[in-house]
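Student: Chains A and B, in that order, give the protein sequences.
According to the UniProt record's numbering, the residues represented by the first sequence are 1 to 212, in order.
According to the UniProt record's numbering, the residues represented by the second sequence are 1 to 212, in order.
Please keep in mind that the hints were generated in silico from the structure rather than gathered at the bench.
Note that the structure is predicted; figures quoted are calculated from it, not measured.
Please note: incorrect hints may appear among the correct ones.
Just so you know, same-sequence chains aren't split out, so a pair can sit in one copy or run between any two.
Said to hold, decoys possible - Subject to a maximum C-alpha distance of 20 Å in a straight line, what follows is the list of computed SDA-like cross-link-like pairs (lysine to any residue):
{"#": "1", "residue 1": "K55", "residue 2": "R26"}
{"#": "2", "residue 1": "K11", "residue 2": "L113"}
{"#": "3", "residue 1": "K11", "residue 2": "G195"}
{"#": "4", "residue 1": "K133", "residue 2": "L177"}
There are 2 protein chains.
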Amino acid sequence: MARTTGSDGEKTEATIREAAVNLIARFGYEAMSMRQLATEVGVQAAALYRYFPTKEGLLFTLMREHMEGLTDAWEAARPTSADPVRRLAAYVENHIAFHIERRHATHVSNMELRSLSPERLTQILRMRTAYEKELRAILRDGAEAGVFDIDDTGLTAMALIQMMTGVIVWFRPGERLSITEVTATYLSMTMRLVGAASSTAPRFLSGAQRTL
Amino acid sequence: MARTTGSDGEKTEATIREAAVNLIARFGYEAMSMRQLATEVGVQAAALYRYFPTKEGLLFTLMREHMEGLTDAWEAARPTSADPVRRLAAYVENHIAFHIERRHATHVSNMELRSLSPERLTQILRMRTAYEKELRAILRDGAEAGVFDIDDTGLTAMALIQMMTGVIVWFRPGERLSITEVTATYLSMTMRLVGAASSTAPRFLSGAQRTL
Chain A
1 MARTTGSDGE
11 KTEATIREAA
21 VNLIARFGYE
31 AMSMRQLATE
41 VGVQAAALYR
51 YFPTKEGLLF
61 TLMREHMEGL
71 TDAWEAARPT
81 SADPVRRLAA
91 YVENHIAFHI
101 ERRHATHVSN
111 MELRSLSPER
121 LTQILRMRTA
131 YEKELRAILR
141 DGAEAGVFDI
151 DDTGLTAMAL
161 IQMMTGVIVW
171 FRPGERLSIT
181 EVTATYLSMT
191 MRLVGAASST
201 APRFLSGAQR
211 TL
Chain B
1 MARTTGSDGE
11 KTEATIREAA
21 VNLIARFGYE
31 AMSMRQLATE
41 VGVQAAALYR
51 YFPTKEGLLF
61 TLMREHMEGL
71 TDAWEAARPT
81 SADPVRRLAA
91 YVENHIAFHI
101 ERRHATHVSN
111 MELRSLSPER
121 LTQILRMRTA
131 YEKELRAILR
141 DGAEAGVFDI
151 DDTGLTAMAL
161 IQMMTGVIVW
171 FRPGERLSIT
181 EVTATYLSMT
191 MRLVGAASST
201 APRFLSGAQR
211 TL
């Protein structure tokens, strides 16, 4: 079957992005050289620069695609229901599932913001703010409906996001708990943290086990 | 007043450590050179190597001192009371206060573990485990006494630590909330997350304001 140049090009670009995420996660962005990346991918440095003319442009692409992926995943997972408890549960499930699948990219996105130019940093931070705003809206709706008991919507949103993203630091597939069990426990902690009455916060996932 | 060589040496060593934390937080450990650090401190590279013969030894010292500082702070803050609610509140207050004061060192300690040799990594992870074990013991005692309602002690401890340490990512002194207000809100979220009955979880800090 004949391959088009386009599909080959896309394949190479995807290979470069994946190799870059792994190298940056391992050594840090400042320490990674484009030469090192070219060697890792098995192409000439000149070929690499055709796809990514600058190293910072490459970093920006990685971060933008990470945030676009997260936003798209949430768009797809967002329930049609207006119920704050259901929406919060969907947000938690999507956030944990997305980040567990992309540990290295998450690490790079959180750690290497310092190396973006001010304009590009602003662009990434704007995407993050839009995504976090979705969570704040859910929390605010729940508080206004009297379903949640929250002191400070902004702080609660930050606390939940840090808590959930933190899963990638210690979670390894195949250990004591499955992703389903971890997610069930995080859902239960989230619902308690936002003061959801237990009657309105049933366990959303089957397979949750009490290990205490 | 005459200075001893010792006190000069200690001063220089402290200056090197502080400059190293700032450079590593800014550029990453792999990207920082000992030559760059010497220039930053204003000493010859040879003088730097007298204090820290290897770059990795310097990184290890920074991380070990961070963990020793955290452990010492907790030893000093740990209440004599056996009450799990009081102990948990003290743990949260100490953890947030310690990390807000040391944003760069926390960043370095969390990010650069990948650059330690296996033996030194084991040593740092052992110190972390000991510190986290204290939190797990508080949670377990509270659950056994029926004061807390917890699904999984290990996951709850990790969730709380990630949530609390996450404060350094977004908190800046002098903005909307004071450290006291942030800590009060995190205490309240913590108590709800562990299912502490609200009668047993009064607000521990004065000055907390409901902003919602």
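Student: Hint by hint, where does the structure go against what was stated? Just the numbers, ascending.
Tutor: Hints 2 and 3 are the ones this structure does not satisfy, whereas the remaining hints hold.
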